[in-house]
Amino acid sequence: MDQMAEHGQEVKLVGAWHSPYVHRVAWVLKLKGIAYEFVEENLNKKSSLLLSCNPVYKKIPVLVHHGKPIVESLFIIEYIDETWKDNPILPTDPYEKAMARFWAPLIDEMLLEGSRKVPYAEEEQLEKQIQQVSEAMEVLEGMLKGKKFFGGEKIGFLDITFRWMTIWLGAIEEVAGVKFFNSGKYPLLEDWKNKFIGFHVVKDNLYPMEKLVRFFKKYR
Amino acid sequence: MADEVKLFGMWASPYSLRVELALKLKGIPYEYIEEDLSNKSSLLLKYNPVHQKIPVLVHNGKPVAESSVILEYIDEIWRDNPVLPQDPYDRAMARFWAKFIDEKIQPTARNANLAEEKEREQAVEECCQQLKMLENELQGKPFFGGDTMGYLDIAALVIAFWFEVVREVVGLDLITEERFPILCKWIGKLQDIDVINECRPPKEKHVNYVRARYEAAKAAASN
Chain A
283 MDQMAEHGQE
293 VKLVGAWHSP
303 YVHRVAWVLK
313 LKGIAYEFVE
323 ENLNKKSSLL
333 LSCNPVYKKI
343 PVLVHHGKPI
353 VESLFIIEYI
363 DETWKDNPIL
373 PTDPYEKAMA
383 RFWAPLIDEM
393 LLEGSRKVPY
403 AEEEQLEKQI
413 QQVSEAMEVL
423 EGMLKGKKFF
433 GGEKIGFLDI
443 TFRWMTIWLG
453 AIEEVAGVKF
463 FNSGKYPLLE
473 DWKNKFIGFH
483 VVKDNLYPME
493 KLVRFFKKYR
Chain B
3 MADEVKLFGM
13 WASPYSLRVE
23 LALKLKGIPY
33 EYIEEDLSNK
43 SSLLLKYNPV
53 HQKIPVLVHN
63 GKPVAESSVI
73 LEYIDEIWRD
83 NPVLPQDPYD
93 RAMARFWAKF
103 IDEKIQPTAR
113 NANLAEEKER
123 EQAVEECCQQ
133 LKMLENELQG
143 KPFFGGDTMG
153 YLDIAALVIA
163 FWFEVVREVV
173 GLDLITEERF
183 PILCKWIGKL
193 QDIDVINECR
203 PPKEKHVNYV
213 RARYEAAKAA
223 ASN
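So the sequence lines, in the order shown, correspond to chains A and B. Residues are numbered in the working numbering as their position in the first sequence, beginning at 1, plus a constant of 282. Residues are numbered in the working numbering as their position in the second sequence, beginning at 1, plus a constant of 2.
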């Protein structure tokens, strides 16, 4: 509570409801009990706030703390962990932290960037994207061996970074008529997905699958 | 128990240099293993199965890959002479700009250097816009890290030294005094730092190496 009073003033999260990068930051803020104002951006008509906060990439999410902008979801999460030190999100062991820093952006690239094009891809491209997503899921399946969560006994940084997957991929599966999760090929990931849905903080943040499906269909 | 630190690197790699420099700046003893990238050792493949690339730091038998990840790891294990800034906001900025160098500046510079004449002007313009954004981070400071070198200076060494070698080979001068007076001043300061000169690839050997790769890339592009 003390650290909230000291640091908790003026936290804004600039983002869009359909972005998994925004959601992972929102979940971290909620897990740490940090009050914030959410500023919804229309990515087809970017606000002057966004353009001034992120002039380099003009992308969301942007965390604004005491008027200073921080960008890139993974860097934002590190910033949050370093500023509000209770309930650390990243592993405390330096080697485990290094592994988390190595895998998070790599899986983002393979899984998130691979899958986001699936609803719009032409047939040839589609094969390639599906292949990329499958490779990523195999890696994740391997990482879960002998563990309850990616973070071990409890939810950790990687669980939070990959959490979006269960809703996002589900929506893409429905829109594109492909199967990622429900193919039976990744039993540990299936288990993980089901465990995670029960976790109450995250449950508050489940963004509606139906809304996401409509969103994908609109831009198809 | 004494720490065992090994670095798998390559003499002409700016990523390898980042790690070497950080280890030297922090006074960490290490064993350096030179990799032949055309014939990678089984140890390298074992320690970095995902990317099979250097640099890889192996600390007491445990491997860490990716130069930015390695630098953060080093700072957390050996806490003297920190390479990253202390303030969380400054850390976020340093991380952002280091990533920008690798994901934006390096590829656009490569495009500019390999571009055909008709595309060159636009490619150069794009690269220069990005370099300008980075240069702005130096405003009023001798180094990106402030009074002394830090994480972002180390990440940006590729711009200081690799770009000049490519200029000698390709003939394209991206970082002119006229366009980037502050960056040029920063590069001048780096050239006077002993520990950097100890780690840098020897100039002539480096030029020959880059020339061979450039000619191969040009040949491949025209086929």
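By construction, these hints were calculated from the structure, which means they are not laboratory data. Here the structure is a predicted model, which means the values were calculated and not measured. Check before you lean on any hint, since a few could be wrong.
Said to hold, decoys possible - The calculated lysine-lysine pairs, modelled on DSS-like cross-linking and capped at a C-alpha distance of 27 Å, are:
no.	chain 1	residue 1	chain 2	residue 2
1	A	K379	A	K367
2	A	K410	B	K8
3	A	K430	A	K477
4	B	K101	A	K367
What the hints assert, rightly or not - Residues from chain B shown here face chain A by an in silico Cβ test under 8 Å; the list is partial:
no.	residue
5	K28
6	Y32
7	G63
8	K64
9	V66
10	W80
11	D82
12	P90
13	D92
Each residue gets a CB set at the ideal place from its N, CA and C atoms; glycine is no exception.
Would the stated hint for B:W80 survive a check requiring a Cβ distance to chain A of less than 8 Å? violated, 10 Å
Can the hint on B:D92 be confirmed by a CB-to-CB distance to chain A that is less than 8 Å? violated, 10 Å
Does B:K64 pass the interface check with chain A, least Cβ-Cβ distance below 8 Å? Holds. Min distance 6 Å.
Classify the hint on B:K28 as holds or violated, based on whether any CB of chain A lies nearer than 8 Å to its CB. violated, 14 Å
Regarding the pair A:K410 and B:K8, is the alpha-carbon distance no greater than 27 Å? violated, 38 Å
So if I understand the rule, the pair passes when the alpha-carbon distance is 27 Å or less; does A:K430 with A:K477 pass? Within the cut-off at roughly 9 Å; holds.
Holds or violated: B:K101 and A:K367, Cα atoms, limit 27 Å. Distance of about 25 Å is within 27 Å: holds.
Do the numbers back the hint for B:G63, that is, is its least Cβ distance to chain A under 8 Å? violated, 11 Å
With 8 Å as the cut and Cβ atoms as the points, is B:D82 at the interface with chain A? violated, 15 Å
Below or equal to 27 Å on CA atoms is what counts here, so check A:K379 against A:K367. Given that 27 Å is the threshold and the Cα spacing comes to 15 Å, the pair holds.
Restraint check, 8 Å cut-off on beta carbons, for B:P90 near chain A: With a minimum Cβ separation of about 4 Å from chain A (threshold 8 Å), the hint on B:P90 holds.
For the hint on B:V66, just tell me whether its beta-carbon gets within less than 8 Å of chain A. holds, 5 Å
Hint check: violations occur at hints 2, 5, 6, 7, 10, 11, 13; the rest are consistent with the structure.
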